Amino acid sequence: MSRKVPLHDLAHARAGDKGNTSNISVWAYDPGDYPLIKDQLTPERIKAAFPKLITGDVVRYELDHLHGLNFVLGEALEGGVNTSLGLDSHGKSWSFLVLGLELDVPDNLT
Amino acid sequence: MTTDMMRMGSGAGFSSDRLGPAVDLAKQAELDWLVFETIGERTLAFGHRDRLANPSRGYNPQLAARMRGVLQPCRDQGTRIMTNMGVANVEAAAEVVISVARELGMKGLKVAAVLGDEVTDQLNDDTILFDYGGRTLGEVDRPLVGANAYLGIDAILPAVETGADVVITGRVADPSLFLAPIVNQFGWARDDWAKLGQGTLVGHLMECGMQITGGYFADPGRKHVPRPAECGYPIAAIDPDGGAEITKLETAGGMVNMATVKEQLMYEVHDPTRYLTPDVTADFSTARLNESGQDRVRVASAGGTERPKQLKVTVGFDGGLLGEAGVSYAGVNAAARARLAADILRQRFDDVPGMAGQYRVDLIGLNSVHGTAKPDAEGESQDVRVRAAMRSMDRDMIETMLWEVEAMLCCGPAGGGGYRGQITPGVVTHSTMIDRDAISPSVKVYEA
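So the protein lines, in turn, are chains A and B.
When you read off a place in the first sequence, starting at 1, and then add 4, the result is the number in this note's numbering.
When you read off a place in the second sequence, starting at 1, and then add 19, the result is the number in this note's numbering.
Don't read these hints as lab results, they were simulated from the structure.
For clarity, every value in this text was computed on a predicted model and none was experimentally measured.
Keep in mind that the hints are not guaranteed to be accurate.
Facing chain B, from chain A, some residues (calculated, C-beta under 10 Å) [as the list claims (entries may be wrong)]:
(1) Pro39
(2) Leu40
(3) Gly60
(4) Leu67
(5) His69
(6) Asn74
(7) Phe100
Restricting the straight-line Cα-Cα distance to at most 27 Å, the calculated cross-link-like pairs of lysine-lysine (BS3-like) are [what the hints assert, rightly or not]:
(8) Lys42/A <-> Lys242/B
(9) Lys22/A <-> Lys8/A
(10) Lys331/B <-> Lys22/A
(11) Lys331/B <-> Lys56/A
(12) Lys331/B <-> Lys96/A
(13) Lys331/B <-> Lys242/B
(14) Lys8/A <-> Lys42/A
(15) Lys22/A <-> Lys42/A
(16) Lys8/A <-> Lys393/B
(17) Lys51/A <-> Lys22/A
(18) Lys22/A <-> Lys463/B
Using N, Cα and C, we set each Cβ at its ideal position, and we do this for glycine too.
Let the sequences and hints guide you as you build the complete structure.
Below you can see the structure in the form of structure tokens.
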């Protein structure tokens, strides 16, 4: 059996911007949770979760020894800081979009 | 000059960053260098606009205030200052530093200005903008405000070698502000790519100021930051091989730990094996981090390969105007009244010739910031702000939008209040590349 756990319970994250590209790094609090995060938090998962926002490709870079993943989201800032009409034109809060995704955590893991 | 170790501090990580903690570092941290990094793509373009409006401006607006705060304590401590606060007018900025020094009676203070990053005259209509679908500069239907190449340590080192108390630059790569003094101190070869990569990592970690000491980090219940209103700027104690310990003043709030350093490690980084600067292709993927004590993290083992052949250039254009206006609905049935107000606004806007498709309406409190990402995630609230936004080169169009929003006070749903509207100038930036030998940086020395 497994249960749904928000990524926010297992990891922290930071977002940055360059032009219309957002990058979001995600870091496991507990190294023991990193394999599960790496297994489930795929670039395809992130792209599929926010199809209207992310119109480009999502690429994932893995920093296994630091238990972190770096996602690069192409065409994902509503035009970017210079052209977006949104309130958060840098996408600073996109990290919390990702942290709101849920992972399946087996009951035998705490 | 010692070659044992050097201490560098950050005094700003963006143009409007706090001053007080920089003064604390200047007085207490026994630094070799205090570095103020204040340029972003937008602030650079705004610098050009300021200079076009007034030829004696175009540098960082907080330059004089910052210099008044740190010049004397830095001289007392034997700390040199490195900054890109020259933005789009480095010579005028150098004059400002000199005039503050004179005002403080600091006779003999030397300022070295790094010139040559502006390449506006070297672009033409055929210049290809690689971040604009490969289209050319001539295809951008906006006035050009200025273009600057990212200079690196080749341009900064001659200024460091003058022995100036203050080195001031325009557009240089942010980590280069740290790397140039490091290379100067330890005498690294300009093609020792591994060391330059590690030094670039130190610069990258430090350049955003408090983002590594507890700023941009707190998340109540998950990530606790002690005394977050009193965060200190970071200090790096750097070894001759480029390994460094990141820390802060013991008296300052905030913190330095594995989590704060990791988040900054990948901040605005794409491929961690290829972080491009004018100085090196840095490889952050091999970086090792270790907590070496309370609020102390050691960073080492980043690498690097040969520097890119060309330099990146940011090209700034007039972005027209951004208009934003809002009105609030609160209390019983607020969400329904706000949704109705948004519908009314959309109908009114669409009736204005040229406005359809050019605006955005948000319902702040229901779904706004993440509205595009999660279009169906509308909650309920008794405190909702209807916000309209639009960009245009046409001021009349923007003013019409603001007028329509303000009119909602009497013409819209019941109980709307708190109208505010503002118009702010915008910029648009694109990027191109330039050959290294197309630029010719120079240094100009000033004395108080």
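So, going through the hints one by one against the coordinates:
Among the interface hints, the one on Pro39/A is violated; its C-beta lies about 17 Å from the nearest C-beta in chain B, farther than the 10 Å criterion. Interface hint at Leu40/A: violated, since its Cβ lies 18 Å from the closest Cβ of chain B, which is beyond the 10 Å cut-off. Evaluation of the Gly60/A hint against chain B yields a violated restraint, the C-beta minimum of about 12 Å exceeding 10 Å. For the restraint placing Leu67/A at the interface with chain B, the shortest Cβ-Cβ distance is roughly 6 Å, inside the 10 Å limit, so the hint holds.
The interface hint given for His69/A is met, as the beta carbon of that residue sits about 8 Å from the closest beta carbon of chain B, less than 10 Å. Annotation: Asn74/A was flagged as interfacial toward chain B, and the flag holds, the nearest CB pair being 5 Å apart, inside 10 Å. A least Cβ separation of about 8 Å between Phe100/A and chain B falls short of the 10 Å threshold, and the interface hint therefore holds. Of the supplied pair hints, the one linking Lys42/A and Lys242/B holds, its CA atoms being roughly 21 Å apart against a limit of 27 Å.
With a C-alpha separation of about 33 Å, the suggested pair Lys22/A and Lys8/A falls outside the 27 Å cut-off, and the hint is violated. At most 27 Å may separate the alpha-carbon atoms for a hinted pair to count; Lys331/B and Lys22/A meet this at roughly 13 Å. This hinted pair does not check out: Lys331/B and Lys56/A have alpha carbons roughly 31 Å apart, beyond 27 Å. Between Lys331/B and Lys96/A the CA atoms are separated by roughly 24 Å; this keeps the pair inside 27 Å, and the hint holds.
Note on Lys331/B and Lys242/B: the hinted pairing is violated, with a Cα-Cα distance of about 36 Å set against a maximum of 27 Å. Using a Cα cut-off of 27 Å, the hinted pair Lys8/A and Lys42/A holds, with the two alpha carbons roughly 16 Å apart. Between Lys22/A and Lys42/A, the direct Cα distance comes to roughly 24 Å. Compliance with the 27 Å bound is thereby established for this hinted pair. Taken as a hint, the Lys8/A and Lys393/B pair is honoured in the structure, with Cα atoms around 19 Å apart against an allowance of 27 Å.
Proposed proximity of Lys51/A and Lys22/A is supported: the alpha carbons are some 18 Å apart, at most 27 Å. Using a Cα cut-off of 27 Å, the hinted pair Lys22/A and Lys463/B is violated, with the two alpha carbons roughly 32 Å apart.
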